[in-house]
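If you read the protein sequences in the order shown, they are chains A and B. Read in the numbering used here, the first sequence has 94 at position 94, and its numbers run on one by one without any break. Just add 268 to the spot in the second sequence (first one is 1) and you have the numbering used here.
Just so you know, these hints were derived from the structure itself, not from any lab. The structure displayed is predicted, hence computed values, not measured ones. A couple of the hints might just be wrong.
Claimed, not checked - When the alpha-carbon atoms are kept at most 27 Å apart in a straight line, the in silico BS3-like pairs for lysine-lysine are as follows: (1) B:K433 - B:K380; (2) B:K328 - B:K277; (3) B:K333 - B:K433; (4) B:K380 - A:K199; (5) B:K328 - A:K199; (6) A:K241 - A:K149; (7) A:K177 - B:K553; (8) B:K328 - B:K380; (9) A:K199 - B:K345; (10) A:K61 - B:K345; (11) A:K177 - B:K552; (12) B:K328 - B:K345; (13) B:K328 - A:K177; (14) A:K177 - B:K543; (15) A:K177 - B:K380; (16) A:K72 - A:K61; (17) B:K328 - B:K339.
To be verified - Label pairs and their calculated CB-CB ranges: (18) A:C225 - B:T330: 40 to 46 Å; (19) A:T35 - B:T347: 55 to 61 Å; (20) A:I80 - B:Q409: 50 to 56 Å.
Note that CB positions come from ideal geometry on N, CA and C, so glycine has one too.
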Amino acid sequence: MALRDITLGQYFPGRTILHRMDPRTKLLLTILYITALFLARWVVSYAVLIVVLAVMAAVSKVGLKAIVRGMKPVVVIILITALLNLFYTPGREIWRWGFLHITAEGVQTAIFMVFRILLLITCTFLLTYTTSPILLTDGLERLLGPLKKIRVPVHELAMIMSIALRFIPTLIEETDKIMSAQTARGADFDSGNLIQRAKALIPLLVPLFISAFRRADELAVAMECRCYHGGEGRTRLRVLKFQFFDCLALFLGAALVALIVALRRFGL
Amino acid sequence: MEPIIQTQKLSHIYSAGTPFERGALVEVDFTAYRGEYLGLIGRTGSGKSTLIQHLNGLLKPTGGKVLFEGKDIWANKETTRQTRFQVGLVFQYPEYQLFEETVYRDIAFGPKNMGLDGDEIDRRVRQAARFVGLGDDMLQQSPFALSGGQKRRVAIAGVIAMEPKVLILDEPTAGLDPVGVEQILGNIRDYQQAHNATIILVSHSMEEVARTVDRLVVVHDGHIPFQGTPREVFQHGGSLEDMGLGVPQMTRVFHRLRAMGVDIDPSVYTVSQAKEAVLNALAKKGAV
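Use the sequences and the hints to build the structure in full.
Take a look at the structure:
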């Protein structure tokens, strides 16, 4: 069992410009980039977008290896998208075998689709790679702040999210421990048919649920002891502040969208 | 003495090939003998937990071998599984692994997995419950209705019921009151004597280990720097303190006395030994 090897959130601590940037800026930049990505129409636009992302990856010192590893879970989705586009796009036929046919337009869309998904994932990967989950939820809470006016419980949602993120590693560790303990008593989690396997999970799930509830209870008490009563009037240790650099970055982001829109006009 | 578990150049590296790569054990040669009461001490993160999880095949070595009664426990799948029944491992805070509806069924979980028949399971469950001092009336209760100390005993009984030849306990007394500590240590001693079993007690408390075990193994930074009788190990008082372990209070007092120029045997670690040493020293003085 290698549960401890699973990476979640993939945050890698660092001191690069991208790491130090305000999380709100990074969130907005991600949105701008994705907008540009969906407006891109032809090779030139895609080339611009690839170069921009490559520069950002280089600046944040993300290795190619890490990006490739981040792609692993979505390989299947990319393949299916590519195949569907390849076979089901109407247009000029260039190959046929039985009911299958490939069109020139299909090849084109499939290639662009694959690039679009790859860039989309790499871009969000960069965000989570350079931003700690806590900062990310902080940023999200501040960005969504105006929604409080229409009674969206933004603070509560952000709090739920940070607590959930905080406890994922704890629960994984706990699962690992209970699994080891039951394995030491001869429990077998990896063999047998589906029903046997499902049954084998009981000795794991019961203690896990009990401890999750116990932890929730303890956390609630601990929060009350520190006078937590929701977001009203709460001050922060780290106050998010926009720097000059953040404004510059946002300006460049907007410029990128404008550029792609312009290129789209010329069919590039 | 006849070795029962041995490790040969056992190494374990966590997360090999990633930035988090870390050697938890480095070419460790460790031996436990049949019937002995062995103490394993080391700080948090010293590698002692990693070591004990290798002894019953929960972790697979990244280098070296683990032998149980002379045979490689990773020879085939069945050997590994059988080793887990022969080498019982009680984790830290074992009460958090209870899951059954009744105490009886929880203790029976291990024996049932061994494929024993109903009568044998029943005998073992009742005997294990007796070893840890659980009355027959408790067997039909829900384990979740018990007190913390009682839960701990149910969990230990769950491992004892497999009647392992080697019983490894990771900090079995953590978080218990002094009476509970004595009871658990007594239960373990009873089991050792009844089955001529090997006990490996993992602890970071020198005081506790010093007065219970026959032999001590110190784990530090993935290595075993010292092993021997408590008396031998405590001679390295200074190095032990550098490792953040410290020696029993009694030993420390006597080391200090010695440093102050008193002619006294510094290798004591219990009160009764201390008394003897003091009397000896006084007798010597009187003779002069």
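Hint numbers the structure violates, sorted upward?
-> 7, 10, 11, 14
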